[in-house]
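Enquirer: Each chain, written out:
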Amino acid sequence: MHWAELLAELTLMPLVAFIVGLFMVLMMRKIGARLQRRIGPPLLQPLYDIVKLFGKHTQTSHGLLHEFGIVMAVGGYVAAETLLPVPGMNGIAEKGGMITLLYLTMIPSLGLALGVGQCANPNGSIGISRALTAMLAYDIPFVIVIAGVAMHFGTTNLVDVVAQQQAGGIETWGATQMPLLALAGLFALQGMLGKQPFEIYVAPAEIATGPMVEMGGKFLGGLFVMQCFQLYTASVLYVTLFLGGGENWVSFLAKSFAVLVLPISVAFLFPRYRTEDVLTMLWKWPVILGLLGLVFVGS
Amino acid sequence: MQQFPVKVEQPSANKPTGGNIFSRVFDELTTFCRSRSLFILHYCTGCGAIELPPAMTSRFDMERLGISPMVSPRQADILLITGYVSVKTLKRVILTYEQMGSPKYVIGICSCTVNGGMYWQSYATAKKLNDYMPVDLYIAGCMPRPEAVIAGLRQLMDKIAAGEANGWQDYYRRYDYYLGHQQRLFGETWQTPTDVIAESKHYDLFGGDTLGAHTALLQQHQKPLEALEMRLGLTDRQEKGS
Amino acid sequence: MIGALDMLLLAALAAIPLSALFATTRSGRWLLVAAYAVQFGLLIMLQPATAAHSALSFQLLGNAVGWQMDALGWYFAVITIGSAGFAAAYAAGEWSEVNGRLGLSLRWLYAGLQINVLAMLLLLASGDFVSLFIGWELTSWAGLILMLLAGGDAIRASLRYIVYAIAGGMTVFAGLVITQAAVGSLQFDALHAAAPSLGTGRLWAIALLFILGFSVKMASMPFHLWQAPAYAYSPAPGSSFLGSISARMGLFGIALVAIKLIGLAQLDRLSLVTDLVDLRGLLTWVAVFTAILPTFVAMRQNDARLLLGWHGVGQGGYMLLGVIIADRLGSAGGLLHVFNHATYQAILLMAVFAVIHRTGTADLNRLGGLVTRMPLTFLAMLIGIIGLAGLPPMNGFVSKWMIYRALIVDGHPLLFVATVISTLGTVLSVYKLLHNTFLGQLRLEHEQIHEAPWSMTVPMLLLCVVVFVTGAAPGLVLQYVAAAQQAIGLEPVRYILGGIESPTGSLDMLWITAILFAGFGIGAVLFYLIGGRSRRVHQLDNYAGGHFLTADVRYQYSDNFYAGLMHRIRPWYRGSFEWTESALVSALGAASTLARGFFEQANPAQWVLVGTTVIMTWVMWYALG
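Chains as they are written, first to last, in my numbering: chain A, 1 to 299; chain B, 1001 to 1242; chain C, 2001 to 2625.
Isolated chain A, as found in the complex (with noise of 0.2 Å):
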């Protein structure tokens, strides 16, 4: 591939990632509006909210690694961008992986809990210590599902994975051979947007809204941009390994905002589980539901 293709798509997936990640929030906190019977906020609000962060006259930081620990955050994310292939677009997804991409994405996660104890803010320290076991909850299911779906497709790699459902159609997309993973999948999707019932991390009434208690200013600026990035990243991987990911960007933009409707719907209906509950939760179901699929897999 010729450098400068290469360097844009570098350039362009993080920025399609953003944009499209911004009008995910804007679809999430639509959809809990209706739900709730408001109207909901404009169609720019996502990007408003991010600006007047960037924008404030004071910023509170607590030392140098509070900073960095946001540019870890956003910079990780951006990073992790490149190598979720997009129609057109594979930047260097064969050079990672699935497995590369999944300890790629919890840069950002050690970044924001490196900011976060800087601040010195037990409440943030709390969050931080719910968020990783909360982690620690979503991420075995998840990593059973990937295990299927590597298995599934012989590959780890992402760019022959979009290929093979490609190739063969709906009939062999990860969701129709693999339903139970699929399930799985959802769920542990669920605990990665950290959205209730899982965001007990961030119990606003109870902890002060945990990491976020001392960001204010592009400190909070970042951590929104790392929304945007969490959620189009969720949604991007859940498409590539189980809704044969884009063949054009219609039909890829229509499944990524598709797949967020069903866990941001039961976010807005549910309150949130405490960390022991998440746990159970999140090691029971979903994982019974991956290891019969991983069965099926296997057979």
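Note that these hints are calculated values from the structure, not bench results. The C-beta atom is built at its ideal place from N, Cα and C for all residues, glycine as well. You may find that some hints are simply not true.
Claimed, not checked - Selected chain B positions facing chain C (in silico; Cβ < 8 Å):
(1) D1061
(2) R1074
(3) S1200
(4) H1202
(5) L1225
Said to hold, decoys possible - Going by beta-carbon spacing under 8 Å, a handful of chain C positions derived as facing chain B:
(6) L2159
(7) F2188
(8) D2189
(9) R2373
(10) R2535
(11) Q2539
(12) G2546
Model the placement of chains B and C on the given structure of chain A, informed by the hints.
Expert: Same frame as chain A, now just chains B and C:
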């Protein structure tokens, strides 16, 4: 809903910021976004709090105006004080206000914040909120209905968009005035864990009235609050535990 | 004729009296660091591709006893001398002065370190079963010197260690006796040649005894109880050296005897119930449990040294797993993890001991906020924990990735999931370590402390460079790993500078690292150029629901850090974990009725001895019959 004039020196408020067109467009955009994205920290001290849920939820839906509730002072733009402020509460309100990031706006809801309302004769209640911090907007009434709250918020949005909601600058430029009122109420040893004077210097908000007799009193007993900077301090022959 | 290997061994031997002589002065200690550099240079001069023979040899009961070093031993020897050199440099300056004044015997410390290196070199260069056994016993006893030095808790841990070590040594000796009885020779080649024709009974006995003996050193389950305290309470250089490499001698033994001499084809003959369970399958699960359970034990520790010690046990499980899977990717991953673990574990232990050096404690509930006072140590620990947790771009990720890939490709999804569970547990645990030490609120009594001295930070930071460079360009190490794989008769891994090239999913860390730092760059540009100017505030200017924070009241979350998780899994520690442990113990061969008592007894080490005696009796009966 009545608006109290806030004594604001306006040297920088209407000044065209930045020379080139690019930064002017950027400033315009920021100002617009500030008016369309407001995070509220509601300090619900009294009965007025009951009017906020209808304003937020499906009946009046503040989110369509870009206004959403937030939890910690760092995240918030608006400090919404709904009701009487006792002396003990006021200390927390002031700390919360000082911890918020500028530009920040204060809205006093209910008569109690205007003049003490039905607690006018109470020895333990602060009467006029704008003695202790610059209030951008009062929404009077006992209690004001959600329509009034929404209308007040819209008025604040208009003020922000027009670049007129600059009460927060007054707090830094005339800190001595506000600190004087605070000291009158809380005593001479009053100090928050925040450092307003250093902040006003850092952000070019230092005015002729930032310092005065009251800040001099503060600085006599103030515990130093410099940030803990990263320190290498490498000396090879350091004694253990020194 | 004195060869290169003899030069190396002589240099290591000569350095022991030198250590005892020179360890008390600062310049003397730097001279000893130079002695390690000389040994390292001599080692590099050995050709790793072909076996180097030693001139030293003698006859024992008709067996020629000699020493030679092949690529596998060379790879382990590089790590051994490297770890010792860095540990010696770390302690050479202020650390030794302060601890020498406090009563630590520096002569014993430095001599003990050098004795350990010599013993390990002898083990790694063993040319037959007799020299293997000599090296094994020397290594076991040499470790005791370093463990005993600290006194106090260390004494109890060392005594427990030595019971395990004797048991392990006796088991290895039993294996040796049976080999002699079955093969009629103690040469490596003889076993290798005879293995295909041996009956499964004899092969079982030989394989099981050697693997059990070596597993004790590796602290594989169920022999994992001794290691963490024994290594953790040793003085700083001893702890960092032991934690980095000492336990890996067991892995060397298993790779040598089980993979090279007995061979994969013969190992696969060893099945239990009608081919359902075989020895390798059993060992993979032992390895996986060794990777998981100690990790979750580590998470509960409040002493930073113990936390790292337990992780050392857990990471050994990964290495064993990789070596036992023994395909080209998995075994390379397992062997590469030995190097990677040695580097980041050394950093982490050095960082923890630097904190102890300044604050006098490793109690995770009595620290916090040190990042502003010891930023370089923080940086070192950060890089170390990214390595230990196995996240990109540090080297721990590469070796773990290779093991994951091998498990998925070989069709072991459950093992893959289990290893990832261990990794996730590690992420949680190391964040607790970093947070409780360096993040959060700085305590009043620590406001005046300083960064650790250069003599301690520079070795840490140099190792950080190693961790980062071998993470971004794992090909640098993989070439030696590939040679080691060939030396034990496995297919060598196909590597490129940036990692692995494979049709079913590659890894190019050069790209991953570059893109990650490019991402950080973009993040930094967004953050610093577009956002407004930030202002640093004091840690007491903090949200507390309107409360006024003061320095005398702690505002920190550290104790029982993962309260929610522990609420869920604490019953498992008491129940299932110990049930698993006792089940594995019963598999050891002691009577199943004794197994339950194993944990209820005050001194489980005694039961290991009983178990070993039973095995020994059986062995002798077998050998004589």
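Enquirer: Of the numbered hints stated earlier in the document, which are not met by this structure?
Expert: Checked against the structure, the hints that fail are numbers 1, 3, 6, 7, 8, while the rest are satisfied.
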